[in-house]
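Chains as they are written, first to last, in my numbering: chain A, 27 to 103; chain B, 19 to 223.
In case anyone wonders, no lab produced these hints; they're calculated from the structure. Even glycine gets a Cβ: it sits at the ideal position worked out from N, Cα and C.
Pairwise CB distance ranges, derived in the manner of DEER restraints: (1) B:D61 x A:A44: 47 to 55 Å; (2) B:E46 x A:G79: 26 to 34 Å; (3) A:A35 x B:V87: 38 to 46 Å; (4) B:G50 x A:A35: 42 to 50 Å; (5) B:N60 x A:L100: 26 to 34 Å; (6) A:A62 x B:D154: 17 to 25 Å; (7) A:G47 x B:N192: 50 to 58 Å.
For reference, the chains in residue letters:
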Amino acid sequence: MKHHLTLIAALVAAAALAACGDRTQTLKSGVIADSAAFQGTGKPYAVPGWKQGDKASWEQQVKTRTQNTQNEYLKVN
Amino acid sequence: MARMKFVCDAERCIECNSCVTACKNEHEVPWGVNRRRVVTLNDGIPGERSISVACMHCSDAPCMAVCPVNCFYRTDEGVVLHDKDVCIGCGYCSYACPFGAPQFPAAGHFGVRGKMDKCTFCAGGPEANGSQAEFDKYGRNRLAEGKLPACAEMCSTKALLGGDGDVIADIYRNRVLKRGKGAEVWGWGTAYGSKQAGQPGGAKS
Numbered sequence: 027m028k029h030h031l032t033l034i035a036a037l038v039a040a041a042a043l044a045a046c047g048d049r050t051q052t053l054k055s056g057v058i059a060d061s062a063a064f065q066g067t068g069k070p071y072a073v074p075g076w077k078q079g080d081k082a083s084w085e086q087q088v089k090t091r092t093q094n095t096q097n098e099y100l101k102v103n
Numbered sequence: 019m020a021r022m023k024f025v026c027d028a029e030r031c032i033e034c035n036s037c038v039t040a041c042k043n044e045h046e047v048p049w050g051v052n053r054r055r056v057v058t059l060n061d062g063i064p065g066e067r068s069i070s071v072a073c074m075h076c077s078d079a080p081c082m083a084v085c086p087v088n089c090f091y092r093t094d095e096g097v098v099l100h101d102k103d104v105c106i107g108c109g110y111c112s113y114a115c116p117f118g119a120p121q122f123p124a125a126g127h128f129g130v131r132g133k134m135d136k137c138t139f140c141a142g143g144p145e146a147n148g149s150q151a152e153f154d155k156y157g158r159n160r161l162a163e164g165k166l167p168a169c170a171e172m173c174s175t176k177a178l179l180g181g182d183g184d185v186i187a188d189i190y191r192n193r194v195l196k197r198g199k200g201a202e203v204w205g206w207g208t209a210y211g212s213k214q215a216g217q218p219g220g221a222k223s
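Model the full structure from these sequences, guided by the hints.
Right under this line is the structure:
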């Protein structure tokens, strides 16, 4: 009898936990909030030359990087 | 800050597909989904031209207009992004987009159409910048790391330019002036003024 109860308890526990692996499928609605790029990631992988959270320094960094990496006339001519 | 834009210089693109590879590698884009493609016009005929095509982050994006669940949004930098938690995978954006940018993974059974996937200008999505959740759904957020789209930065001939619209327009204009042709294309006068290389003075293109 005790063995059966243990088995039933295990089955109930397995069934109860089955949904824990599911991802939520709730439909969000309304305005979509996203943090701006200049706020950075808060991680140390960002390139140097700007301060995370400082909009002006991010804009300058992006402009400088565009010229340095995509304008080859600055390199060879 | 101007709007972030892509420009592909058809005179330079050599159809190497490094932009496609860079994108797939950077974001771990699944098999069957191509956020960026290289399209060749008049393939095999002398004078063929190739251009790299992805989401162009339209200022007046048709995908945003037709989305029935409003999953699209535009960042302050003009990047058109979407929320996969809101997307229902209907495919209207795919029909509306003139560039064929929206992609739909077909990994499920019976050709089921999953959540839409497209170029994010390497700007991630609505999840926290640089988070694992953001990477899983949208790929890496390079803009938040102070970088630019991997496709443009990896382009071997610098045919594909990506970044602040004002800056890449200057780079492209300077390039056309140096090579002395290209300004004859339709719309050049509207974009850059009429007196440019390869164009009769004062003529409107």
